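Visitor: Protein sequence lines, in the order shown, are assigned to chains A and B.
Counting from 1, position 68 in the first sequence corresponds to residue 68 in the working numbering; the numbering is continuous, with no gaps.
Counting from 1, position 108 in the second sequence corresponds to residue 108 in the working numbering; the numbering is continuous, with no gaps.
Take the hints with a grain of salt, since some may be wrong.
[To be verified] Calculated cross-link-like contacts (lysine to aspartate or glutamate; reagent style DMTMM-like; alpha-carbon spacing at most 25 Å):
| no. | chain 1 | residue 1 | chain 2 | residue 2 |
| --- | --- | --- | --- | --- |
| 1 | A | Lys336 | B | Asp246 |
| 2 | A | Lys345 | B | Asp246 |
| 3 | A | Lys345 | A | Asp380 |
| 4 | A | Lys192 | B | Glu245 |
| 5 | A | Lys395 | A | Glu143 |
| 6 | B | Lys373 | A | Glu406 |
| 7 | B | Lys321 | A | Asp221 |
| 8 | A | Lys119 | A | Glu402 |
| 9 | A | Lys181 | B | Asp352 |
| 10 | B | Lys321 | A | Glu406 |
| 11 | A | Lys119 | B | Glu363 |
| 12 | A | Lys192 | A | Glu415 |
| 13 | B | Lys105 | A | Asp342 |
| 14 | A | Lys181 | B | Asp80 |
| 15 | B | Lys105 | B | Glu245 |
| 16 | A | Lys192 | A | Glu118 |
| 17 | A | Lys120 | B | Glu245 |
| 18 | B | Lys309 | B | Glu363 |
| 19 | B | Lys321 | A | Asp342 |
| 20 | A | Lys120 | B | Glu363 |
| 21 | A | Lys336 | B | Glu245 |
| 22 | B | Lys321 | A | Glu407 |
| 23 | A | Lys120 | B | Asp367 |
| 24 | A | Lys313 | A | Asp230 |
| 25 | A | Lys119 | B | Asp114 |
| 26 | B | Lys105 | B | Asp246 |
| 27 | A | Lys395 | A | Glu415 |
Quick caveat, the hints were computed from the structure, so don't treat them as lab data.
Just so it is clear, the structure is predicted and the values come from calculations on it, not from any experiment.
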Amino acid sequence: MQGQRPRDEGQRAKWTITDLRTSLLPSRFMSSTASAHSDSRSGGGAAPEAAGNPAAASANGAAADPSGRPAARATERTEAAPAASLAAELPDDVLLGWLRDMLLIREFEVRTMQAYQEKKIGGFCHVYIGQEAVAVGCTAAIERRDPMVTAYRDHGHALARGMDPRHCMAEMFGRIGGCAKGKGGSMHMFDKANNLFGGHGIVGAQTPLGAGLAFATKYEDEVIEGRRSDRVTLCFLGDGALNQGAFHEAKNLAGLLDLPVIFVVENNGYSMGTSISRGTTMGHDISVKAAGYGIEAAVIDGMDVMTVYDAMKPLVDRCRATSRPAFVDMRTYRYKGHSMSDPRKYRTRAEEEQYEASDPIGRLAAWLESSRGFSKQRYDELAREVRQQVRDCVKWAEASPEPPIEELYTDVYVERFGPYLGTSPPQMLRDGADEA
Amino acid sequence: MTRPRAPGPPLSATGDPSGSQRGAAGPIRISLHAPGFPTTTEPDPPFPPTSILNAPQDPVANLTLVQAINLALVQEMERDDRVIILGEDVGPNGGVFRVTEGLHKRFGGHRVVDTPLAESGIIGTSIGLAMAGLRPVPEIQFDGFLGPAYDQLCSHAARMRTRTRSAFTVPLTVRVPVGGGIHAPELHSDSPEAIYAHQPGLKVVMPASPYDAKGLLISAIRDPDPVLFFEPKRIYRAFREEVPEDEYTIPIGKARVVAEGEEMTMVSWGASVVQCMQAIEKSGRSIELIDLRTIWPLDTETILESVRKTGRVVIVHEAPKSGGWGAEIATRITEHCFLHLEAPPQRVAGFDTIMPYYKLEMEYMPDAARIAKAIDETAAY
Ligand SMILES: Cc1ncc(C[n+]2csc(CCOP(=O)(O)OP(=O)(O)O)c2C)c(N)n1
Ligand SMILES: [Mg+2]
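Taking the hints into account, I'd like the entire structure generated from these sequences.
Guide: Right, here's the structure in full:
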């Protein structure tokens with residue numbers, strides 16, 4: 001395998017995925033990030049327990065990251081006996097699947113930005129670039145029957161959960177082929193078959209929903225089916241959502257009723273232009289926000305998909321077994337602006353580069369290369385395949401028809417045009433008429 | 001540049017005591033050219049320096065609605081150091097629509113406060129500030145985000161005066177960009193004026209031009225009761241208008257007669273006023289256009305006076321038709337002008353559905369064609 005490792009800059013540069021359209025990947029990610037990952041392996045895999053201890057986290061995480069948070073690094077783990085990495089035990093096809101999923105999300109988002117700039121996508125658009133390892137690693141740690149719910153930065157979750165990317169793209173294009181018939185847009189990714197409960201635009205509002213989903217699975221399992229509750233709900237939120245009252249209500253209820261829900265805070269350090277240190281008390285250690293509700297907390301390096309899996313899997317298993325909530329401070333970073341019109345004046349380029357240097361895609365590719373004989377050729381194939389898939393997605397979305405005007409009136413109530421019939425027949429809309 | 005309304009002194013400082021602008025500046029010409037709606041492909045015009053105060057030799061400036069609001073905020077903050085601003089990213093970032101741009105630099109972080117993402121907290125805290133004597137002007141980023149703050153607004157701000165028998169009051173001005181037309185997604189395009197107008201104790205104001213925005217906002221900030229100041233985001237930068245640098249107020253609760261006419265009355269507010277002007281000009285008819293300026297308290301008299309003259313009325317608004325503010329207006333007209341009516345009052349409004357994503361947005365919004373149809377039907381009745 002060593003022989004296939006790129007030797008010079010020129011060769012290494014070819015490992016970048018995106019034609020440098022995004023220039024998001026460091027040209028030399030292979031060597032630098034490979035060691036980063038092996039560090040975290042040797043640091044031990046007992047992440048949740050260790051990181052759940054705020055004292056341990058803050059004691060070890062001395063070096064603050066640029067946004068004022070202590071860095072979530074392997075050093076945050078306790079010195080307890082290093083457990084084997086769960087992810088490292090997984091077969092090639094699983095790990096390659098993760099790589100492919102992250103590549104797909106990255107490429108999908110690059111195309112999304114492009115389409116937005118070309119005015120093919122309306123509304124506002126929040127891309128997931130940089131945070132891919134979180135959605136992919138977390139989704140890998142649960143089962144399809146486990147509910148999942150998230151906020152508006154949701155394309156990555158939808159794709160990781162298995163939504164057909166064509167439906168995801170068409171939704172943003174406002175086409176009838178979209179997962180919400182093109183009536184929701186970027187913030188409204190729903191996939192019933194895959195137990196993805198959205199996609200919600202009001203910051204924090206999805207967190208009580210998460211508690212409710214967990215309540216429902218537990219109720220169904222225990223009260224209706226009469227067996228042990230064994231489903232877990234993953235509820236994602238941003239660090240900005242920590243400050244919404246609704247989240248505190250959700251945590252309290254989850255703690256009180258022993259709801260099997262894991263609140264995964266995708267802590268990318270910013271809520272629009274407000275850094276976590278400017279907007280959130282105890283922003284340097286948000287795990288304390290779980291302690292008050294008696295909820296177990298973990299701090300996880302969300303820039304590395306194997307680390308995410310290693311930490312999430314035992315946490316999920318424990319939640320499933322004990323039917324108790326958990327809270328995760330998932331340290332990540334959004335490479336791009338909050339939305340498409342954000343000049344990012346509130347942070348420095350140097351800070352961005354620091355995170356881009358530990359790119360999750362690069363880290364996994366590097367590990368696969370050094371540990372599984374993953375070849376550059378295979379990587380290129382994968383990248384090419386993904387690029388083609390996303391290109392097809394865009395084509396498919398463009399070919400999907402716009403919703404007919406009748407759709408204005410559908411899906412508001414159970415009756416197709418129900419309460420409106422007789423007052424505002426949709427046909428009248430077409431005539432440009434108002435109510436008869 | 002032609003303007004939708006003659007600007008200038010008649011309304012300044014004291015305001016027109018009659019409240020309506022009828023006769024204040026002679027017959028008013030309607031321009032169809034200036035106020036075009038922005039299309040999504042049109043870039044924003046460049047934002048000039050924060051305040052035209054820097055150019056004292058220029059007593060009147062051509063400003064967009066955003067700039068007029070910015071100017072009103074600057075002047076009120078200069079005048080009264082109890083006026084403070086708070087909201088998400090209103091500080092160095094200047095807010096999502098850049099309405100508070102430059103204020104943080106000018107007044108500092110203790111008067112232009114970046115808050116955590118928590119609307120209920122922003123409004124609740126502002127109520128406390130106001131009860132204790134400050135004049136908070138919080139910003140909520142979008143119409144749809146008023147939801148989490150609804151409880152504070154309707155259970156507390158609106159009722160405090162009554163609850164305490166006027167011992168405590170809530171001089172609060174909540175600024176909120178509202179309405180559709182910018183191709184935003186759900187929760188970013190709503191027109192919730194009727195919801196809040198229905199809550200006794202709140203005042204609801206919605207300007208339709210830069211000139212009005214400045215005068216109404218200053219009135220709102222000085223008002224002793226809570227005011228929801230709804231800014232039609234669709235016309236934030238759609239056109240410019242001459243706005244005097246001098247302070248002036250426009251009374252809350254008074255409508256404006258935008259154009260006089262004999263054949264029928266048209267009542268509207270916010271961005272729809274501009275749509276109405278276009279439809280009226282295209283119709284070639286003599287139509288009296290009334291811009292409510294204030295949703296609540298409603299200037300019933302100005303409307304009735306006009307309808308008594310014309311006998312016909314079309315009401316235009318973006319919000320869903322059923323239970324919309326047009327319903328209240330039509331009811332008052334039939335209650336008080338029944339025998340003057342020569343046609344049933346017509347409403348052109350949004351449909352009774354959730355505001356759709358952008359492909360269907362323009363079908364939802366009352367446009368010139370739908371208004372024209374209502375005009376013709378009402379005239380022919
Ligand atoms: C109730 C509400 N208030 C404000 C907004 C506008 N808004 C959208 S995203 C956002 C920042 C959220 O930050 P965070 O939760 O950290 O998520 P991230 O964008 O980092 O993924 C804000 C203020 C909103 N959508 N809903
Ligand atoms: Mg964030």
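Visitor: Just pull the numbers of the violated hints for me, sorted ascending.
Guide: 1, 2, 3, 4, 5, 7, 14, 16, 17, 18, 19, 21, 25 and 27
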